[in-house]
Amino acid sequence: MGDLLRVIRDDGHADPTADPKLSKDEVLALYRFMVLERTLDNRMLSLQRQGRIGFYGPSLGQEAAIVGAAFAMEPRDWIFPQYREPGAALVRGMPLKELIAQFFGNALDPIHGRQMPCHYVYRAGNFMSISSVVGSQIPLAVGAAWAATIRKDPVASLVYFGDGGTSTADFHTGMNFAGVFKAPVVFLCNNNQWAISVPVRRQTASETIAQKAVAYGFDGVRVDGMDALAVVAAVREAQRKAHAGGGPTLVEAVTYRLGPHSSSDDPTRYRDDKEVEAWRRHDPIDVLRTHLSAKGLWDAEAEKQLAQQLDDAITEAVHAVEAAPPPSLELLFTDVYAEMPWLRRLRGGRS
Amino acid sequence: MPQMNIVQAVNNALREEMRRDDRVVILGEDVGRNGGVFRCTEGLIDEFPDRVFDTPLAEGGIIGTAIGMALYGLRPVPEIQFLDFIYSAFDQIVSEAAKMRYRSGGQYTVPMVIRTPYGGGIKGGHYHSQSTEAYFCHTPGLKVVVPSTPYDTKGLLTSAIRDPDPVMFLEPKKIYRAFRDEVPEGDLTVPLGKAAVRREGKDVSLFAWGYMTHVCLEAAKRAAEKGWECDVVDLRTLVPFDIDAVLDSVKKTGRAVVVYEAAKTGGFGAEISAQIAERAIEYLRSPILRVAGFDTPFPYTLEDVYMPNADRVFAAIQKAMSF
Chain A
1 MGDLLRVIRD DGHADPTADP KLSKDEVLAL YRFMVLERTL DNRMLSLQRQ
51 GRIGFYGPSL GQEAAIVGAA FAMEPRDWIF PQYREPGAAL VRGMPLKELI
101 AQFFGNALDP IHGRQMPCHY VYRAGNFMSI SSVVGSQIPL AVGAAWAATI
151 RKDPVASLVY FGDGGTSTAD FHTGMNFAGV FKAPVVFLCN NNQWAISVPV
201 RRQTASETIA QKAVAYGFDG VRVDGMDALA VVAAVREAQR KAHAGGGPTL
251 VEAVTYRLGP HSSSDDPTRY RDDKEVEAWR RHDPIDVLRT HLSAKGLWDA
301 EAEKQLAQQL DDAITEAVHA VEAAPPPSLE LLFTDVYAEM PWLRRLRGGR
351 S
Chain B
352 MPQMNIVQAV NNALREEMRR DDRVVILGED VGRNGGVFRC TEGLIDEFPD
402 RVFDTPLAEG GIIGTAIGMA LYGLRPVPEI QFLDFIYSAF DQIVSEAAKM
452 RYRSGGQYTV PMVIRTPYGG GIKGGHYHSQ STEAYFCHTP GLKVVVPSTP
502 YDTKGLLTSA IRDPDPVMFL EPKKIYRAFR DEVPEGDLTV PLGKAAVRRE
552 GKDVSLFAWG YMTHVCLEAA KRAAEKGWEC DVVDLRTLVP FDIDAVLDSV
602 KKTGRAVVVY EAAKTGGFGA EISAQIAERA IEYLRSPILR VAGFDTPFPY
652 TLEDVYMPNA DRVFAAIQKA MSF
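Taken in sequence, the protein lines are chains A and B.
Counting with my numbering, you get residues 1 to 351 for the letters of the first sequence.
Counting with my numbering, you get residues 352 to 674 for the letters of the second sequence.
These aren't lab readings, by the way, just hints derived from the structure by calculation.
Any given hint could turn out to be false.
[To be verified] So these bits of chain A aren't anywhere near chain B, every CB distance computed over 12 Å:
1. R9
2. P110
3. W298
[Stated by the list, open to error] Derived list of chain B stretches under chain A, where covered just means 3 residues or more per stretch with a C-beta under 8 Å from a C-beta of chain A:
4. 361-371
5. 379-386
6. 403-413
7. 433-444
8. 448-457
9. 588-596
Quick caveat: nothing in here was measured; it's all calculated off a predicted structure.
For each residue, glycine too, the CB sits at the ideal point set by N, CA and C.
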């Protein structure tokens, strides 16, 4: 149970017994999405510091777990994010401009400035809308997957949550319902060691999070969340099992939140820099880059070109959306119901 | 035309909608083989073995998974055994179901009806008796429906299932089997958002929903012996309630008594009172009065004292008439 699935060895080569055997294009795309997420995070944190967006929650250190899991699912599968998965939205084809417009919350934001930054949605990619409440998406993911079995559709759910999320009642009920109804769900716990300032040891006395699955009657696996290929391998196996009628799987990706919880958080208040530095040596982007280099797929020039290309794409998207005006006032009152009843149409003042 | 009580009307509406629309599914505690503790879903599992589910005992799981089903495209009708047990699902209802359409810019919606018995009068103590509709009325994105007759139960439940938004459907358990109505078989809808005037009168308006409608009718009968004619308005839908019906009645009578089972402070009757005050105060000949539960937890032994009855409503009518 304490075993940690690893694919990428220290020398960069994949362990042949566990290698998900991605094609060259696939592994390059995986790397590109991870670097895109990192580049986006850095730029958005900087925009937040400049006062250009109101808030941001970076994924620094968790790119392999976030992107790898989304990458392992099929497009017809549904994704239920927590709130730290822009890489998964990008894997699902969400245009960068729409994502960044959500951070600005202006007239180009697909959800019309109704939610704070990092609460995007992309239905065209089966990517669910985000709540800030930790864990509440878990039963929803189970319900959608269960509905797919009722309709006999070959569709599974991938649901993300953190170590803190495993303490919630929704985690328990979601896991329990999934086990009882054999719902095709992949539970992806991004165990990043910290729920804001509270360490994982204060969330659970269980030795691992993966072992909790046993109590619900299905498998839990524990993977090195800094190793994108290990995440892909574990999630892909779980996804195939789900599609084959084998029910749910809990995947614990052991990772680390290298950055702050959000732009409002100062992690130096509660954790030691030495711990952060130790984890930084296992940076998931470095790990996958070592693998690409070992396979002869990557060099410094390729890295430079990718960095430039992604930087330019983000710059262009920011420029395209930043100048838009706020959403129109009318949009404050639409989408509360399909048809707004008189009762909620009151706008203060004379009614 | 068949005679049905409220339990039978719920069952009939569910059965017919499940026949009509294969996206309609039922889930909850004891709703399958047992047919629900009040028997509202009796027999449905026999006709629809793949669409009626007994679930683990967890309200948050029932509502959370039902929301997921609705997101996926089904039309779930989860049952919560008693409204008093719903609070572990409160976050799912107010943070997920109610906000989904808005927060996703209309990309995702939650067409779901939460059926649950509510209200006192069955000797159920704190946890089988409360009328906490106001919590849900306070949340934009939810609709709240409370029938008071078998006919309306079938018609409103059918409309609720066909509604594109989440609906709280609160069933007055005290009168589940109290009387029968003629309820037609086949397609029957009663529109959400429309009140019903149960008795017409020119002197005092009584506003109520669910079981309290019947209490008001009894009080109105007694008032009539005194020569005071009451207009009894059954709101049927609380969100959105029928503001025109409320104002028309008040403009006619000039006196308003709002009757509800919930604790008085912050109950939905306070909203009705405020709307009347804001929009029709110039028509009023006496203060708006509320007859409600007390600001205490719902009691067991003394529940008849706690719940508004015809005596207390009559006293309010008398007070309004003698102001």
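To see whether the hints hold, each was checked on the structure:
Under the 12 Å C-beta cut-off, the non-interface status given to A:R9 relative to chain B holds; the minimum distance is some 39 Å. Here A:P110 does not stay apart from chain B, with its beta-carbon only about 5 Å from theirs, under the 12 Å limit. Interface exclusion of A:W298 from chain B stands, the closest Cβ pair being 37 Å apart, more than 12 Å. Remark: the stretch 361-371 of chain B is not confirmed as covered by chain A, as 0 of its residues place a Cβ nearer than 8 Å to a Cβ of that chain, below the required three.
Against chain A, the stretch 379-386 of chain B contributes 0 residues with a C-beta closer than 8 Å to a partner C-beta. That does not satisfy the three-residue criterion, and the hint is violated. Check on the stretch 403-413 of chain B: 6 of its residues sit with their Cβ under 8 Å from a Cβ of chain A, so the three-residue criterion for coverage holds. As drawn, the stretch 433-444 of chain B meets chain A at 3 residues by the rule of a beta-carbon pair under 8 Å; at three or more, the given contact holds. Counting residues of the stretch 448-457 of chain B whose C-beta sits closer than 8 Å to any C-beta of chain A gives 8, which meets the bar of three, so the coverage hint holds.
Requiring three or more residues with a Cβ within less than 8 Å of a Cβ of chain A, the coverage given for the stretch 588-596 of chain B holds, as 4 such residues are present.
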